[in-house]
Amino acid sequence: MQIQLSWIDPVTSERREPLLETPVALGREFASMPQEIDGNRVARIVLASERVAEYHALIDVANGELIVVDQNSSTGTLINSVRLPSSTLIDGDRLQIGPYEIQLNPSSSQTTSSSEIGASGECDRMVGFLFKRRCGRTTNIGCPYCSYPDNNPYYYDYSYYSGYGNYNRGYWGSNYYDNRDRYYYDPETGNVDFTEADNMSLEGEMDADFEMDMGAS
Amino acid sequence: MSINLETLRKSPTYSVTAAVSDIVKDLRELATLDRASEAKQTEFGNLVTKCVVGAITSIVIAFILMIVVGEMGDGFQLFGNILTILLLCVGVGCTIVAIYAGIRESKYSRFNFPNHRYALTEKILEMLERDMDKEAKVSVHLVLSPANQDSKRIKTVKHPLKSGFKIDFFQDDWLKMEGQFLDKTRFVLTTSELNQTAYGWKTSRSGKSKYKTKSKAKRLDISLNLTYPQRRYGAIKVLNNEAVNAVKIPKLTNVKRMRVTDKGINLVVKMSPSMPWNQEALYQTITMMFLSVYQVLNLARMLSKAK
Ligand SMILES: [Zn+2]
Numbered sequence: 001m002q003i004q005l006s007w008i009d010p011v012t013s014e015r016r017e018p019l020l021e022t023p024v025a026l027g028r029e030f031a032s033m034p035q036e037i038d039g040n041r042v043a044r045i046v047l048a049s050e051r052v053a054e055y056h057a058l059i060d061v062a063n064g065e066l067i068v069v070d071q072n073s074s075t076g077t078l079i080n081s082v083r084l085p086s087s088t089l090i091d092g093d094r095l096q097i098g099p100y101e102i103q104l105n106p107s108s109s110q111t112t113s114s115s116e117i118g119a120s121g122e123c124d125r126m127v128g129f130l131f132k133r134r135c136g137r138t139t140n141i142g143c144p145y146c147s148y149p150d151n152n153p154y155y156y157d158y159s160y161y162s163g164y165g166n167y168n169r170g171y172w173g174s175n176y177y178d179n180r181d182r183y184y185y186d187p188e189t190g191n192v193d194f195t196e197a198d199n200m201s202l203e204g205e206m207d208a209d210f211e212m213d214m215g216a217s
Numbered sequence: 001m002s003i004n005l006e007t008l009r010k011s012p013t014y015s016v017t018a019a020v021s022d023i024v025k026d027l028r029e030l031a032t033l034d035r036a037s038e039a040k041q042t043e044f045g046n047l048v049t050k051c052v053v054g055a056i057t058s059i060v061i062a063f064i065l066m067i068v069v070g071e072m073g074d075g076f077q078l079f080g081n082i083l084t085i086l087l088l089c090v091g092v093g094c095t096i097v098a099i100y101a102g103i104r105e106s107k108y109s110r111f112n113f114p115n116h117r118y119a120l121t122e123k124i125l126e127m128l129e130r131d132m133d134k135e136a137k138v139s140v141h142l143v144l145s146p147a148n149q150d151s152k153r154i155k156t157v158k159h160p161l162k163s164g165f166k167i168d169f170f171q172d173d174w175l176k177m178e179g180q181f182l183d184k185t186r187f188v189l190t191t192s193e194l195n196q197t198a199y200g201w202k203t204s205r206s207g208k209s210k211y212k213t214k215s216k217a218k219r220l221d222i223s224l225n226l227t228y229p230q231r232r233y234g235a236i237k238v239l240n241n242e243a244v245n246a247v248k249i250p251k252l253t254n255v256k257r258m259r260v261t262d263k264g265i266n267l268v269v270k271m272s273p274s275m276p277w278n279q280e281a282l283y284q285t286i287t288m289m290f291l292s293v294y295q296v297l298n299l300a301r302m303l304s305k306a307k
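For the protein sequence lines, the chains are A and B, in the order given. The opening residue of the first sequence carries number 1 in the working numbering; numbering runs sequentially from there. The opening residue of the second sequence carries number 1 in the working numbering; numbering runs sequentially from there.
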């Protein structure tokens with residue numbers, strides 16, 4: 001799986017936003033990190049700080065999900081400010097490793113690809129500032145993202161609003177975002193329907209929701 | 001090209017409906033014009049100073065000569081008189097040049113627009129263009145006349161504390177920008193600046209009367225109005241009450257009003273005068289307003305799919 005990590009180097013204040021193929025190892029010593037895992041080449045990211053272990057953490061895919069596993073480091077790996085031995089990762093999650101605060105970029109991991117021009121002959125990147133949409137250009141010319149493949153062209157403007165586009169735990173709207181698949185909107189009536197989770201749906205149909213479901217189908 | 005010197009001279013307002021790229025071209029031209037007139041203004045200002053000094057000096061010397069010459073012998077008198085007349089001529093010449101330069105200076109001062117207004121407009125347009133069709137037309141109404149111009153006075157009241165003093169209030173709605181994004185959302189951005197000037201005659205302890213005037217900034221309101229397609233964002237109604245919590249704006253600014261319906265959002269932010277109303281502060285506030293509103297809309301979009 002391809003992911004994009006983003007952080008500001010605490011020493012140089014430079015922004016790094018590499019696009020990486022999993023597995024990704026993070027640590028202080030390049031040579032201490034594994035070269036290969038299960039036949040896959042490991043992308044090794046060196047984080048220069050005494051508070052980072054020689055081999056600190058590994059980001060990999062398990063059961064189709066992205067996970068991060070701390071490699072028994074003494075300072076630990078914090079996922080969205082919580083220290084955990086391992087955790088699944090979703091778009092916008094923040095990893096704290098020593099002085100490094102690394103974010104898993106939202107638009108990149110699934111929706112963006114580094115090969116700009118896809119099979120359809122059109123650019124597959126998600127572009128736009130306020131809202132994202134598929135680029136669709138047939139050339140790289142004029143595409144703000146293709147011109148800055150490793151960087152966000154709107155980085156400075158986004159920095160005014162930290163966590164823009166992030167609705168994960170701890171961010172605004174997270175309870176709606178978590179249940180986003182259960183909301184439906186009917187533009188004719190202007191009604192917003194909310195479907196309860198599966199184990200609840202039977203009970204739901206017994207009472208008030210019954211009418212609503214009928215109306216919508 | 002919409003920059004017309006004569007029109008701008010009459011009323012310093014730039015009003016146009018065109019593609020962003022054309023408007024940006026215009027604004028850059030306006031900036032060049034403004035810079036050139038700032039330079040000319042300084043140049044004529046310096047000339048005025050030089051001529052006034054020259055006129056005073058030559059006239060003073062001429063008077064001294066007149067007195068001195070009277071006490072001189074006959075042989076020197078003729079020469080002295082000629083010199084006096086020459087000096088007086090120089091004095092009059094300098095005065096004429098000073099008046100001319102003064103007129104030119106004031107003429108150029110009319111083109112001296114507040115730089116941050118057009119520079120900000122250009123920056124905002126370039127920010128909004130990212131989510132617009134290249135050909136899409138934007139309406140811009142930009143007022144470049146001074147904020148305390150008489151025509152902008154909205155009311156005059158008695159000073160609450162100083163007797164004999166009055167306060168004029170001025171309202172300057174200097175920017176209105178309207179357009180449409182690729183998601184068919186229409187935006188209207190307006191700024192409204194409130195200033196006040198207190199003035200009156202002040203009597204000092206020694207009994208002398210002196211006219212005093214003092215201006216200060218009151219507040220700057222920025223209003224953002226979005227009207228969007230219901231089909232795309234209609235489920236925003238479930239976020240109504242929480243939308244305001246998604247708003248992030250700079251310190252020293254406040255949310256004055258936020259109204260959310262399934263058809264549109266209105267967000268009004270108030271900038272206090274303790275914040276500099278310069279280009280950076282305004283750009284940051286406006287950018288954060290757009291991002292705040294779209295932080296809500298992007299989530300609403302995820303909730304607005306049809307069954
Ligand atoms: Zn592209």
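Be aware that a few hints might be false.
[Unchecked claim] Straight-line distance between alpha carbons at most 27 angstroms, and here's what the computed DSS-like set of lysine-lysine pairs gives: (1) A:K132 / B:K50; (2) A:K132 / B:K166; (3) A:K132 / B:K218; (4) A:K132 / B:K155; (5) B:K134 / A:K132; (6) B:K137 / A:K132; (7) A:K132 / B:K248.
[Said to hold, decoys possible] Just a few of them, taken from the derived set where beta-carbon distance is under 10 angstroms, the chain B residues facing chain A: (8) P229; (9) S272; (10) P273.
These are computed hints drawn from the structure, not numbers from a lab. Beta carbons: idealized from backbone N, C-alpha and C, even for Gly.
Structure-based check of all given hints:
Our distance criterion of 27 angstroms between C-alpha atoms is broken by K132 (chain A) and K50 (chain B), whose separation comes to about 60 angstroms. Our distance criterion of 27 angstroms between C-alpha atoms is broken by K132 (chain A) and K166 (chain B), whose separation comes to about 53 angstroms. Of the supplied pair hints, the one linking K132 (chain A) and K218 (chain B) is violated, its CA atoms being roughly 38 angstroms apart against a limit of 27 angstroms. Distance hint between K132 (chain A) and K155 (chain B) is unfulfilled; the C-alpha atoms sit about 46 angstroms from each other, more than 27 angstroms.
Restraint check for K134 (chain B) and K132 (chain A): satisfied, since their Cα atoms lie roughly 16 angstroms apart, inside the 27 angstroms limit. Using a Cα cut-off of 27 angstroms, the hinted pair K137 (chain B) and K132 (chain A) holds, with the two alpha carbons roughly 21 angstroms apart. Taking the CA atoms of K132 (chain A) and K248 (chain B), the gap is near 20 angstroms; set against the 27 angstroms cutoff, the hint holds. At a threshold of 10 angstroms, the smallest CB-CB gap from P229 (chain B) to chain A is about 9 angstroms, leaving the interface hint in force.
Because the closest C-beta pair between S272 (chain B) and chain A is about 18 angstroms apart, greater than 10 angstroms, the hint is violated. With a cut of 10 angstroms, the hint placing P273 (chain B) at the interface with chain A is violated, because the nearest CB-to-CB distance is about 22 angstroms.
Hint compliance for this structure: hints 1, 2, 3, 4, 9, 10 are broken, all remaining hints hold.
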